[in-house]
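A.B. asks: One letter stands for each residue in the lines below.
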Amino acid sequence: TQLLEQSPQFLSIQEGENLTVYCNSSSVFSSLQWYRQEPGEGPVLLVTVVTGGEVKKLKRLTFQFGDARKDSSLHITAAQPGDTGLYLCAGGPRFVLHLGRLYFGRGTQLTVWP
Amino acid sequence: DTEVTQTPKHLVMGMTNKKSLKCEQHMGHRAMYWYKQKAKKPPELMFVYSYEKLSINESVPSRFSPECPNSSLLNLHLHALQPEDSALYLCASSQDSDKGVSYEQYFGPGTRLTVT
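Chain order of the listed sequences is A and B.
Heads up, my numbering is the position in the first sequence plus 6, with the first residue counted as 1.
Heads up, my numbering is the position in the second sequence plus 721, with the first residue counted as 1.
To be clear, the hints were calculated from the coordinates, so they are not data collected in a lab.
Note that the Cβ used here is the ideal one computed from N, Cα and C, for glycine as well.
Warning: the hint list may mix true and false statements.
[Claimed, not checked] One side of the interface only, derived from the structure: several residues of chain A facing chain B at Cβ under 7 Å:
hint, residue
1, Pro49
2, Leu94
3, Phe110
4, Gly113
5, Gln115
Chain B with its partners taken away, still in its complex shape (with noise of 0.2 Å):
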């Protein structure tokens, strides 16, 4: 099973809401990731939880807040978003996340955010 399920499937929110997505996998993994969508692009790494320490944050505003519970769980908070973060945000997993060694990541089906 290389599943990784996110919740909600879509969100919409005002610029003074506060909000969390969440992330988990059963997959044993311990390195979880969230990246930023936009359409027709791939990717942009946001943070790299490794063994449930942050180990990557790709200067992201402090308005996203990742957090990690435990090594099945990844969240991120959302707080005072502007309408440019409107994007598909994803997450993924991956086994390790070693220092030289690359890894298959695994993705989620994403959260379709919208900032009005």
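Excised from the complex, chain A in its bound form (with noise of 0.2 Å):
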């Protein structure tokens, strides 16, 4: 069973155009971390999102936490080829014993034509 359901799986767009990505699960998390990775190399830290309700931006990218803490969006403006990548959700649910343990999306490939 997959606890954050990500989506769409592939995104393929022209440069300028706007896109979102999704993360919801039907759990309640503390906090939600968004991540991006670029072929063979180790995911970087975007972005965590604590409160409900929080929107952070980062230059081109939003990130909002949804009121009830169990959804969170990544919105990406004017996209450029250099956000071409494979973005993760992932974050640890409230009230389940995870130990650290970080659950994973199953991330969102994205491509950016230029």
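Reassemble the complex: the two chains are provided individually, in unrelated frames, and hints are given to aid placement.
C.D. replies: Structural data, given as structure tokens:
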């Protein structure tokens, strides 16, 4: 059973377009992290959202945490080829004895064409 | 500084070889992790060390043997691997790994392992 459902799985767009990636769960999370990973490299932490309803911006990237802390979204404005990569959401559910284990979504493979 | 380092960057080994992967962090983190990742898939947790003690083993085959010599170092000893073990092996660290708290994990660049 996948605790975090991430969609879409693949996204191929032209430079300059906007896009949104979704991360949904039926469980409450104490926080959610978003990572970006390039081929052959480790995931790089982009942001952590902690408070329900929270919105964080990182240049052209906007991250939102749902009011109930069960879902999150990543919106990219005016995508650029440098945004290409695998985007992963991950977190620890609030009422689970996870011992630090991070639960990952399946990832969104984003390709931005020039 | 949120750097986790891993060596080697690439490793090719035969099925009868013994090799080790190394990971180091100097952030004062007390939890360290090994993950295995196949192409275009999310990382799969293998082991968690908390305060230098093994706290999670995700039913990993015994041909993978983790070791935590001190709070900054994490090793993964490899022996008699199979071709299907070829993957990107990632190390990560976090401030802690408390029972119900989710801490940010910082990943190293990974070791690309090929088993021939």
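A.B. asks: For every hint, state whether the structure bears it out.
C.D. replies: Going through the hints against the structure:
1. Pro49: holds (5 Å)
2. Leu94: For Leu94(A), the interface hint holds, since the closest Cβ of chain B sits about 6 Å away, which is under 7 Å.
3. Phe110: holds (4 Å)
4. Gly113: holds (5 Å)
5. Gln115: Holds. Min distance 6 Å.
When held up to the earlier numbered hints, the structure conflicts with none and fits them all.
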